[in-house]
Amino acid sequence: MSCPKSILISAYLDEELQGSDRATLEAHVQGCNRCSQSLEELRSLRAAFSTTQRHQAPYGFATRVMARTRELEKQQTPWHVPLIMRFAEVAVLLVVITVGILAGRVMTNGSSVTGTTTISSTLSLDMFDATPPGSLGGAYLAMTEARNEK
Amino acid sequence: MTLSCIIASVQTNDDLNLIENFKKGDTSAFGEIVLKYQDKVYNLCRHMLGNAADADDAAQDVFLKAYQALPKFQPDASLYTWLYRIATNTCIDYKRKPIFESLFGDSGEGEKLVHDRASDAPSPEKLYQSKQIGQALQVCLGELSPKLRAIIVLKEVEELSYEEMAETLDISMGTVKSRIARAREDLQKCMHKKN
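Chains A and X, in that order, are what the protein sequence lines are.
By the count of my numbering, the first sequence reaches residue 150 at its end, each step adding exactly one.
By the count of my numbering, the second sequence reaches residue 345 at its end, each step adding exactly one.
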């Protein structure tokens, strides 16, 4: 029998060779100095690995990993959440503006706002005039204009 | 059923419970996974990368990747081979520092060596010889390609079977056999040169 490939000797060393393959190789190695030496060299290499040390994770390793997972969670907030928050912010802002306009209208007219027409007129831009209708400034301007006409 | 099979099945059930709890939102379950596998993953990275600082960084990256991928974990694979796969890929892709520190000399800051597997109380002469061999091996490991280094570390350090290595590295059994034989040949040639 010709010498087996190194793959087979390597697999034999790892006890991954089964059945007749194993028996054939064992018989060959016993009668072949070259293969016997190859096997011994592989065993020496394994012995060299056995001198290596097992290393334990450094102190606080798991704590550091968990801290990083928390950072990861913060970074990976679902994209739709901020969008919803933005919509909510805009909605609240619109409500505040509307309530502010209505409240301003009520205060300037001195009466409560009722009905669709009143609300639509309340939302007009008259509110933002320098002298809103019914205000003290408006009354003063009307008085001045009347005097000038005379 | 052998004792090892019973232990393995219990470990798998524990892992499956932890994964299920994590998927339900229990992040402490992931903490338990980290505590359970941190030494194995760190040791693999330490041998793959050759120094404590890089091994620490890489091992942390491994668990972060696992944290993100765990919701998609398929229970037909075992958790430790899955973690080993992430670890070997992370270490293969890791940009190593140029200096390959001694695996046998001083350990990194905060790192604790578990035990010397050679013997309980070696003589000074034996210790000197084994240290020399160890140093040569460490240098030769650093000279191997990352893929060959991964397979020899998984076999000789982590003591995985061929089947487990095939699953971990996502390669065929034939590739495992040829790659490990190649890694041994390259290591032997290198060791002869060093000696």
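Hint data in this document are derived by calculation from the structure and do not stem from the laboratory.
Wrong hints could be hidden among the right ones.
As the list claims (entries may be wrong) - Sample of chain X residues with no beta-carbon within 10 Å of chain A, all distances over it, derived:
| # | residue |
| --- | --- |
| 1 | Val191 |
| 2 | Ala227 |
| 3 | Gly292 |
| 4 | Leu337 |
As the list claims (entries may be wrong) - Label-pair restraints from in silico Cβ distances:
| # | chain 1 | residue 1 | chain 2 | residue 2 | range |
| --- | --- | --- | --- | --- | --- |
| 5 | A | Leu83 | X | Gln285 | 56 to 64 Å |
| 6 | A | Gln37 | X | Leu166 | 27 to 35 Å |
| 7 | X | Leu166 | A | Thr63 | 53 to 61 Å |
Beta carbons: idealized from backbone N, C-alpha and C, even for Gly.
Structure-based check of each hint:
1. Val191: At about 8 Å from chain A, X:Val191 fails to clear the 10 Å cut-off, so the statement is violated.
2. Ala227: Nearest chain A Cβ is 21 Å from X:Ala227, so the label holds.
3. Gly292: Per Cβ check, X:Gly292 is outside 10 Å of chain A; nearest 13 Å; holds.
4. Leu337: 6 Å, violated
5. A:Leu83 to X:Gln285: 56 to 64 Å: 59 Å, holds
6. A:Gln37 to X:Leu166: 27 to 35 Å: Since A:Gln37 and X:Leu166 have Cβ atoms about 47 Å apart, the given range 27 to 35 Å is violated.
7. X:Leu166 to A:Thr63: 53 to 61 Å: 25 Å, violated
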